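Peer 1: Residue strings, one per chain:
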Amino acid sequence: MMQTTQVEVKKKMKKDFEPNIIGFLCNWCSYAGADLAGTSRMQYPPNLKVIRVMCSGRINPIFVINALQQGADGVLIGGCHPGDCHYERGNYLARRRYAILRELLDYVGIDPRRVRMTWVSASEGKKFADVVKEVTDEIRELGPIQQLKRENTW
Amino acid sequence: MVNEKQLRDEVKKLVSRDDVKYVIGYEQGTYGFQVTPSFAFTPEEAERFIFSPLCANNLSVYLMLEEKPPLRKGEKEDTRKVGLVVKGCDARAVVQILQEKGLKRESLVIIGVPCTGVIDPKKITVKFPHQIKPVDVREEGNHYVLTINGKNQKIPKDELLFEKCKQCEYPTPVIHDVLLGDEVKSTKKEEYKEIKTLEKKALKEKWEFWSKAFDRCIRCYACRNVCPLCYCKECIVDQLSPQWIYRSVNRSENTVWNLIRAYHLAGRCSGCGECERACPMNIPLTMLNKKIEKDIKELFQYVAGVNLEEKPLLAMFKPNDTEDTIL
Amino acid sequence: MKVSTMEKYILLKNKLPEWINMITPTYTIFAPVKEEDLVFFKPITKPSEMTLAYSNAIVPPKAQMFHQTETMFTFTQGKNIRVNPASLPDEKIVVFGIRPCDAKSLSIIDPVFTNDFEDPYYLTKRKNAILVGLSCNQPTVNCFCTSLNGSPASPEHLDILLTDIGDKYYVELNSEKGKQLVEKTKKLFTPATDADSKKKKDVEKKAVDAITRQMKINNVDAFVKKLDTIFDAPYWKTIAMKCLGCGACTYLCPTCHCFDIQDETTLDKGARIRVWDSCMRPEYTLHASGHNPRPERMNRVRNRVYHKYNYYPKNHQMIACVGCGRCIDNCPVNIDIIDVITKAGEVKP
Amino acid sequence: MKENPYQPWLATIDSICDEVGGQRAIKTFRLVFQDEKVREKFTFLPGQCVMVSLFGKGECFFAISSSPTQKGFIEVSVLKLGKVTSALHECEPGDVVGVRGPYGNHFDVSGWMGKNLVLIGGGIGQAPLRSLIKYVVDNRKQYGKLDIIYGARTSKDLCYTKDFAELKTCEDTNACLSIDVKEDGWSDFVGFVPDNLMRVNPSPKNAIAVTCGPPIMIKYVIQNLGKLGFSEDQIFTTLEMRMKCGIGKCGRCNIGNLYVCKDGPVFSYKQLQNIKGEQ
Amino acid sequence: MKIGVYVCECGINIAHTVDVEKVVEDVQNLPNVAVSRFYKYMCSDPGQALIKKDIKDLQLDRVVVASCSPRMHEPTFRRVLEETGLNPYFFEMVNIREQCSWVHQEKEKSTGKAIQLITGAVARASFLEPLEKKEVSVIPKALVIGGGVAGIQAALEIAEKGFKVYLVERSPSIGGRMAQLDKTFPTLDCSACILTPKMVDAARHPNIELLTYSEVVGLDGYIGNFKVKVKKKPRYVDEEKCVGCGLCAAACRLKGRIPNEFDLNKGKRSAIYVPFPQAIPLKYTIDPEKCITLKTGKCGDKALCVEACERNAINFDQKEEILELDVGTIVVATGFDLFNPMEKPEYGYGKYPNVITGLEFERLISASGPTGGHIEINGKEPKKVVFIQCVGSRDKKTHEYCSRVCCMYTAKQAHMVKEKIPGADLVIYYTDVRAFGKGFEEFYNRVQGEGIVYRRRELGDPIEVIKNNDKVLVKTKGHPDIDADLVVLATGIIPREDSKELSRILNINQSADGFFLEAHPKLRPMDTFTDGIFLAGCCQSPKDIPDAVAQASGAAVRAAEPLAQGKVEVEAISAVIDADVCGGCRMCEDLCAYSALEFDSEKKVMTCNDVMCKGCGSCASACPTGAITMRHFDMQQILAQIDGISAEAIVQ
Ligand SMILES: Cc1cc2nc3c(=O)[nH]c(=O)nc-3n(C[C@H](O)[C@H](O)[C@H](O)COP(=O)(O)OP(=O)(O)OC[C@H]3O[C@@H](n4cnc5c(N)ncnc54)[C@H](O)[C@@H]3O)c2cc1C
Ligand SMILES: Cc1cc2nc3c(=O)[nH]c(=O)nc-3n(C[C@H](O)[C@H](O)[C@H](O)COP(=O)(O)OP(=O)(O)OC[C@H]3O[C@@H](n4cnc5c(N)ncnc54)[C@H](O)[C@@H]3O)c2cc1C
Ligand code: SF4
Ligand code: SF4
Ligand code: SF4
Ligand code: SF4
Ligand code: SF4
Ligand code: SF4
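Protein chains in written order, with the working numbering: chain U, 1 to 154; chain G, 1 to 327; chain P, 1 to 349; chain Y, 1 to 279; chain S, 1 to 652.
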């Protein structure tokens, strides 16, 4: 079992590695921004898979870590721009949590570029597409995550 | 250091009061350099109290550990105060608990000990691995004087001190009802040298360092139980649905456990170092805690456990908090 | 399985690496390895990796038979539920350098895993393991095996016992398994002389003398019975006041064998695993209804002591403590079993 | 090596009976082993338990609530409480679970032959008694008088109403139900189970009393049995403790030196009085 | 558990980049999936019918639809479930159009992504819990805080709609700032003439209960069921008996010796007083700070007012009262304060009597003011008058925003001076003249045509006023100095001093400038973040009277809506706290923007009021023990979704 995973990892290491990225987007701004990118037919890589939450404040750092454990190579957190939170302050709280989490991940040796945060408003379809492109490229560059992934060796 | 007679007298006075349930302090341990927590309900029991450079435990952990069995019909809640002997770092834990409103200020009587540093039990046992008989340890200037088998030995303080004590910024309890002895002023500044060195290393090296440490973790959770601020009724790792972290002991889960523990103490950890002291597997937990302590100081100008009025770090924000890495 | 007359040999110290190299291809060798000032039993590939100058491993070698995490079996979830038995390892192992007390602990927990229902995970590993012990020449501060009829140089629960008697090891073969292991590598061993035997006795005596901390109870059996009379003594409360319920004592105790069983899953498959558990935790006995038969720390502290010194002797005629001192070393608040038992002996019924 | 005692056999939920609704719902599941051989091999006696698995959720210990005289299936009645039991309540017929067992001791059905039986139950505690009742009814001649006393808070909380409807029509069986508070249309006793026991007033002569239910009920029932003249060794009960392995290894279900999973769950009151340990 | 998965082709919108057939085939094998189908237009009637049929025939427990954005059709499909008797929250939607087929071109990859997303949704779906839409009943009464023109307007409008209104005013009379004004720009109608009838209407309206000389000191509850604590200060005059004859004031020993705040301390009053003659209610009030009896217990040999009052209305034993009101909605109309020009010492305000503020000037020219409308300074009629605009406004050091009314009231005041002292020399220092309102530009032009000199001063250019005998010298950059008899400072509008305190009591927010914060600057300008509390007038931002009144009318409509409905629906997605798990660490307590969390000090656990909770989830992710579960977004559901999306089995 252990071996097969390693083989898999090696296989993934190849150029054609397609990172699995989880995006947590808030319902009001960034999810709407992503929808706008869609209605405007802006193209971006398909690696990001979105999980919709009501507010970026809902994103418990455990979600992020758990995503890395369960097989995400990267995580993107999207919220409303500061001051625009539908719930007034959820994004501000998320921003603090994110700052600490990112530092901590870096500190234990997990590339912090795997966990990103962005502000995308409902009108920023273009920005959303750009951010996804940027993040996907970066994580593709970093290769598959080796550290936190659950081996599930059973 | 503290005049033990004064300490005992103070405790005796307290336990004789009707509104005080008991006082928590230290007494001589069962062997070598051990000191053990002690609960004095009566003046006689207060006689056992000591304070020496070996008193490393942070007794404030007992504040939230007190078991309150459900009241029987007609029974009234015991609202008597609990007395507690605290050093500088311990007091910060108390402040933090009070700040989180875990306890009411009036439910405590705090006996503050201006602290000149305590001895790291790991360091001293390495020096005297076979010491069985309890040892008297005194502080004399920059040295500790140990009386072993009637003979005195002088050891430079630096060799025995806890690392945390060398950089302690709050040696005098920030909160107290009684202060035993004169205030100790600190000119030290936490420089986070070790942290900064590690921060600068390559990701790979950092991961190697930590994964080796976390691999040792047996998930006994001693670090959690000894921590005065880990007082959740049901820790996430004990919950079944959802399983936040799997119970399997392996690198992935261990890492997550250690990260989450540290994260849950962000802006709360008092820096007492008990977690690391309790960890049987010598995992450098302080290096995780201090990292967060440093970050929040730099990013949010936040210091835990010094201000009773402060709001929890992660429950508030400033509109101009850092945006550095946000896309 | 025990051999009636023990065979005794001498292995020169400088031959030890050779011996280990010789058995390495056939066995996975677990030996004491130092990491961060702590000693762990870890698989080694070269003799140089191990440290024999040690007192006690931090995690007892029970972990080699009773893994902290064990997959019991796997299953597929969803439409087609299937159960796939976990493959039980047939790997042969040698636990090298295990202390007599730790070896005894395995004999103590054996009945738990054999009783009524045989525990395949423990037993396969136990059966496949050869215990090559190393006498304890330098007991730690908190060693007190002699209080419990143990000895730092007893071959009793071992397949082979080595005793460092200067430039050579005095080798005692205590079982068929042990004999077989030596048999194949016979050329490294020479028969022991009476002088060697005497030397071993001296070493043993020196080690026994070095153990100064003792439980001050006159008669162990009487003490076991006495516990029945002080179950409700307020004494337990005074100890429990200090206890943090951290569980370090139980996790590291070589005779603690409690475990928890949980399911871990991903989308369509999963595993039932078992992990060490600790009776010092409130969740340990908490019922789904919220009722907890051992709600207070006092109940749990007392249960730990009673389990070892009363219940276990009642069920298996053995005290479930070998006097390794780990729980004393690692308790952050100095709850000291030697002291606890000694004082319990003084409690009036 | 023998069979792995931790590995369950697969069983299919054949049917589900809703006993009680609401927050603390109870359902009875009829389980049929998938493997024919297991179906034959699996024998048990009233009072014994099984470990039921829901793969991915975990395992739970339940008393078998059907009788050994009913062949081809076993039944367990489950009170919805925590993770596994809640998930079980979501199951539908046809779903697959794991079962291992039978575990624990049992009511001494052969030793009690010829005796009068007083069975006093409350709530989900009725599950093991149901097995016993059915067993006794199916071997009716071998036992003396049969008094069944069972109660719940309201009529909606009573389990096994179908069984009781049948039992009421049995001639030589005295089934006495009770509810705690008065309700319209309730013709049986109103009051607590221990009071109902006093009202029924069974004779201790040549009798065995078995009581299962919430601890507080057991406490008063035993008191009252004492008042009625039952001696300690005439009274039996079943105990509950948190379980993991069910086979005396994982450690947690001990009461003193006894393990509920293998030395229990059936204990005589006399036995209980002699153990030092938390119950 | 039986889950039905429905994949929409959306014509070719989805089908052209996502291989729907393959998707349906693959997800068929996922745990718990009982059926998976695709269809051309899932949202169409036949599409919906398809789902309904399956729910009935196959007894589905959960439904997953993969189509467009949930922001579009989630309600549609929820309704489908509802109509089939399934809880609408047993539905999960996957967005494979906006966030998949429209943004990717490679069919294989889009198909793969669609499968991953659906797998996540399926994994999540099995953990979905039923939710109930919650409704709370509404107490059909409203509270209006602040009796300025905005408050009066709001109160009248709500009252007109048939609901009881409590109008709480802090001062002894309603009327607010507008009552202090003389004429109003741009139409120059007399402020009192248009305001007084409204004040009378408010006082007379059967549905309005005036609570003057009162303050709101506490608020509990939530929309529909607010519990308000109002402190009614003692007037020491029985309102029932007092007819406002004023005999008492005339008799008072301190008559004419106490500066009158209403006149900005320019006029004088007695210790027993009404702020102005048209005060509503016209009831006298004793100033406790000044009254000799109240301060010393004795006023000469007898209290003259008591003596004078024929109706025995005076009662020194009156005590403060706390009233508890139950209301459904609240309008906040507490108005504004004026910038204190002492903060800018260069203007010489406070130092020289020749320098006054705009509002002081209003009193000065008011016929009911201290001088009876006669403009005089140091007893003389000023000949040279200088107006300075933007005092305290548009100034980075004080207040960055524009106060919106100063340009116009300065123009108005200049015009009034011209009217009253035709020969006067008038200079206005301005930075920009903002004449944006209806009729403003015309008015400004008219004033300019009256020979009033407008001098431009760059934003930030210093201006200094220094003494020059009994006149003052106004010095600025780029213009000659002016020797003025009178300088009028157009001081800006600032948030009331007690805004912070009030925002705390009401749990509403302040924006960075200190005014109360609206829920949305454009779309919900009268709402606050707290449901059921609305804003009107200058408490939200500087405004002129028409704007204040317009907003008040709007707020009245918003506030009356729930009252008319009789019930309000509140968010079903909310936080729930497990009391068995909550350790009472109170990490979450202050973080909720809606104060939905309250500590139960008895049980030592946090509680969440799910009527107030908006379901953001910020608290749930702060709670270290996970005691807080977010309905519909709980931990289990999200972890399962991550698991599903990332499951090895699916990732090719
Ligand atoms: C001898 C015996 C007979 C029982 N018979 C029945 C019965 O017939 N019907 C019935 O509804 N219940 C019975 N129970 C109780 C039943 O086992 C628990 O209610 C059930 O295990 C709760 O599991 P959970 O996963 O829902 O709860 P959780 O709180 O999620 O519990 C987690 C785990 O703890 C263990 N556990 C928790 N509480 C108990 C407990 N009280 N007993 C045993 N294990 C527990 C289980 O391993 C469980 O999986 C019996 C218990 C015992 C000991
Ligand atoms: C010098 C000057 C001249 C102006 N001239 C004109 C003009 O010509 N034309 C024009 O359209 N606009 C003019 N304005 C603007 C006009 O005054 C305002 O638009 C208007 O008064 C706003 O009314 P309001 O009800 O919002 O506030 P306010 O009039 O301030 O009323 C608020 C009321 O609330 C009360 N209150 C405050 N806090 C509390 C509390 N906590 N509890 C209870 N009650 C409370 C106050 O006592 C007050 O009665 C002028 C403003 C100034 C400063
Ligand atoms: S105390 Fe050490 S070994 Fe135990 S859980 Fe904490 S970090 Fe792991
Ligand atoms: S985390 Fe460690 S250092 Fe911080 S308060 Fe807890 S025990 Fe002390
Ligand atoms: S109880 Fe303590 S001394 Fe005894 S075997 Fe266990 S760890 Fe060793
Ligand atoms: S190690 Fe000490 S504190 Fe921890 S559970 Fe054991 S006895 Fe208690
Ligand atoms: S979910 Fe948001 S609105 Fe609801 S209680 Fe928590 S923080 Fe407040
Ligand atoms: S954060 Fe969690 S544990 Fe703490 S008070 Fe709030 S709900 Fe309770």
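Possibly wrong hints are sitting among the right ones.
What the hints assert, rightly or not - Taking beta-carbon pairs under 10 Å as the criterion, some of the chain P residues facing chain U (in silico):
#1 K269
#2 G270
#3 A271
FYI, nobody ran anything at the bench for these hints, they're computed from the structure.
None of the values given here were measured: they were computed from a predicted structure.
Where a beta carbon is used, it is the ideal one built from N, C-alpha and C, also for glycine.
Peer 1: Of all the hints given earlier, name the ones this structure violates by number, lowest first.
Peer 2: Every hint satisfied by this model.
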